[in-house]
Amino acid sequence: MGLSLRKYILLRVALIIPMAVLIISIVFFLMRILPGNPALAILGEEATPEAVEALMEKMGLNKPLHEQYIDMWIGILQGNLGNSLRTGGLVLEEILSRLPISLELLLGGYIIGNILAILLGAETARRGGLFDLVGRSYSILGYCIPVFWLGMMLQIAFSVNIPIFPVQGVISPMIQLKRITGFYILDSIISGNFDALIDVLAHYTLPWITLIIWYSAVNSRVLRADMIEVLNRPFIITAVAKGLPDNVIVYKHALKNAIIPVLTIMGLQFARAIAGLILTETVFNIPGMGRLLYESILDRDYPLVQGLMVFFVAIIAIVSLLIDIALAYIDPRIRY
Amino acid sequence: MVSEVQALVKRLIPWEELTGKEKVVLVACLLLIGIQLFVSILNLTPYDPTKVNLDERFSPPSIAHIFGTDHLGRDVFSRVLAGFKISIYVAALSVLITAAFSVPLGMISGYVGGFLDRFLTFVMDSFYTLPRLVLALLIAFLLGRALHLNALAIAVATIPSFFRVARSVTLSVKERTFIEAARASGVSTKRILLKHISYHVRIPIVVLSALTIGDSIYLLASLGFLGLGVEPPTPEWGTDLATAREFITSGAWWAAFFPGVAIIINTFLFLMLGETLNIILNPLTREKPY
Numbered sequence: 222m223g224l225s226l227r228k229y230i231l232l233r234v235a236l237i238i239p240m241a242v243l244i245i246s247i248v249f250f251l252m253r254i255l256p257g258n259p260a261l262a263i264l265g266e267e268a269t270p271e272a273v274e275a276l277m278e279k280m281g282l283n284k285p286l287h288e289q290y291i292d293m294w295i296g297i298l299q300g301n302l303g304n305s306l307r308t309g310g311l312v313l314e315e316i317l318s319r320l321p322i323s324l325e326l327l328l329g330g331y332i333i334g335n336i337l338a339i340l341l342g343a344e345t346a347r348r349g350g351l352f353d354l355v356g357r358s359y360s361i362l363g364y365c366i367p368v369f370w371l372g373m374m375l376q377i378a379f380s381v382n383i384p385i386f387p388v389q390g391v392i393s394p395m396i397q398l399k400r401i402t403g404f405y406i407l408d409s410i411i412s413g414n415f416d417a418l419i420d421v422l423a424h425y426t427l428p429w430i431t432l433i434i435w436y437s438a439v440n441s442r443v444l445r446a447d448m449i450e451v452l453n454r455p456f457i458i459t460a461v462a463k464g465l466p467d468n469v470i471v472y473k474h475a476l477k478n479a480i481i482p483v484l485t486i487m488g489l490q491f492a493r494a495i496a497g498l499i500l501t502e503t504v505f506n507i508p509g510m511g512r513l514l515y516e517s518i519l520d521r522d523y524p525l526v527q528g529l530m531v532f533f534v535a536i537i538a539i540v541s542l543l544i545d546i547a548l549a550y551i552d553p554r555i556r557y
Numbered sequence: 002m003v004s005e006v007q008a009l010v011k012r013l014i015p016w017e018e019l020t021g022k023e024k025v026v027l028v029a030c031l032l033l034i035g036i037q038l039f040v041s042i043l044n045l046t047p048y049d050p051t052k053v054n055l056d057e058r059f060s061p062p063s064i065a066h067i068f069g070t071d072h073l074g075r076d077v078f079s080r081v082l083a084g085f086k087i088s089i090y091v092a093a094l095s096v097l098i099t100a101a102f103s104v105p106l107g108m109i110s111g112y113v114g115g116f117l118d119r120f121l122t123f124v125m126d127s128f129y130t131l132p133r134l135v136l137a138l139l140i141a142f143l144l145g146r147a148l149h150l151n152a153l154a155i156a157v158a159t160i161p162s163f164f165r166v167a168r169s170v171t172l173s174v175k176e177r178t179f180i181e182a183a184r185a186s187g188v189s190t191k192r193i194l195l196k197h198i199s200y201h202v203r204i205p206i207v208v209l210s211a212l213t214i215g216d217s218i219y220l221l222a223s224l225g226f227l228g229l230g231v232e233p234p235t236p237e238w239g240t241d242l243a244t245a246r247e248f249i250t251s252g253a254w255w256a257a258f259f260p261g262v263a264i265i266i267n268t269f270l271f272l273m274l275g276e277t278l279n280i281i282l283n284p285l286t287r288e289k290p291y
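In the order they appear, the protein sequences are chains W and E.
Residues 222 to 557, numbered by our numbering, are exactly what the first sequence covers, in order.
Residues 2 to 291, numbered by our numbering, are exactly what the second sequence covers, in order.
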């Protein structure tokens, strides 16, 4: 029985909801069941019992567990993730104000990184020899290098020793930029502020390079393996016999068939991309969502940590859904 | 007794059948891990890794301090060497905890099947969706900063991958004829799981463990870097990197460079070890096609 693409998408959407519910529930119960009183952790060991009691009241922690759980879901459905303990502002607003920066970083790194991975994987599979050896070493090294260390080395090399790029942040303090959408690159283009655009791009360069190296390394290895397998199939021999140019064979015939496992991996790797983002933003002091998670953990800002978790789950769920749909679109066999 | 051990090692590692490359990789990995273990456990570092010497802050690599000194004048080389002890301990402990919990669970889930299997797979897949770092970060944040708690956080974050492997091997083995024969001759489910299936699950789990130890060293360093690792002044690579980051503009690259190299080398060693073990231990990949 075959499914139309529309029905397949609906089915996937229906399946992703219980998954997200489960993960958010796991996060919720982990945060409640594990030892440690958040109120005590925030106020410090010397806090009076009354102060602890008052804070727990404010955070809604003295209610029974099931009421807290229901409250959380009501909040999520209303788009209300509670208030940050540190700033008192709405968690959702805090997160949304940081989201554009993370998206700019992530999209730049993830898309360019994966394009690079596809090129590298295809070329290493096709050429072999020294090129293959270098490509394979790159992907193994890229897998082993801690992303935060890579970022620090780039900082030391290109910000401290040879000061080309700024060490940290998104924009220099002297440069004024009107915030319209929250996306720095987009804002500077819209307002025609090219000084700001160049400054922002200079700030983004090192984090992007860090993420690109990190993403491209692992994926190029997967693609290489698939390409080698596909390049040995009979239809490639037919293509060669027909006298098609090499580039057409590799990038049109073979890539189309090798890309499916890579897209699957890209979906799975997206979670890893989030991990890389958290570390990279911390290294470069970029005020995105990853940095926010780091800060909220240091401040023991429980509602903010929980809100960020919900947000990360939502993003990962949406991306894996999109990739599943893309897969079903490319390869009709998946729908059946 | 000695001959029995020899026989066991011989059965596990078919030394004569290995290619030269496999022998070299296996020996090199074990040797390098062994040396690091030996040096760090017996505290054979040239200096005391926690000894502060403010006269020698940020001294660059020299003959006295081959990796230089950090912001408190501590010898970076000694700290990197001593850091191995912490990393390997936490990584190995977390793998043990995970394996002890999720391998039996995965085997039972795969063998029993039905609703239990569907439910557990769903839970584990959901868990798997979250990045390991985020999960470990959340748990470490809730549990606090200590060696064993870090190990526990990493262990929980690793459960899904061990569960998946144990389950999928069980699924493929349980349909085979010898299991059917065992069942037909009245062998109890418990014995089938413990004797027959575990025999097949064992090898992929050993391989996965080696690979996961490498990953966990990296993960522990990430936790340390984000301020959730072992408390200073205990030498730990990630925490040392976080400290070095605060002084990054001082130009003292060595305090950041060498702990990172240690992480890379050890992640790489365990990656190689895992891949070589996969070839050596798995009789199916060992069989020569011709």
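Bear in mind the hints are in silico, worked out from the structure with no lab data behind them.
Every value quoted in this text rests on a predicted model; they were computed, and no experiment measured them.
Among the hints, erroneous ones may be present.
To be verified - With a cut-off of at most 20 Å between alpha-carbon atoms, the simulated SDA-like pairs for lysine to any residue come out as follows:
{"id": "1", "chain 1": "W", "residue 1": "Lys284", "chain 2": "W", "residue 2": "Ile295"}
{"id": "2", "chain 1": "E", "residue 1": "Lys86", "chain 2": "E", "residue 2": "Leu33"}
{"id": "3", "chain 1": "E", "residue 1": "Lys22", "chain 2": "W", "residue 2": "Arg357"}
{"id": "4", "chain 1": "E", "residue 1": "Lys22", "chain 2": "W", "residue 2": "Lys284"}
Do the alpha carbons of E/Lys22 and W/Lys284 lie within 20 Å of each other, as the hint requires? violated, 63 Å
Restraint status (C-alpha distance of W/Lys284 to W/Ile295 at most 20 Å): Given pair W/Lys284, W/Ile295 holds - Cα atoms ~15 Å apart, limit 20 Å.
Quick one, are E/Lys86 and E/Leu33 close enough, alpha carbons at most 20 Å? holds, 13 Å
Against the 20 Å threshold, does the CA-CA distance of E/Lys22 and W/Arg357 hold or violate the hint? holds, 17 Å
In the structure shown, a violation is registered for the earlier hint numbered 4 alone.
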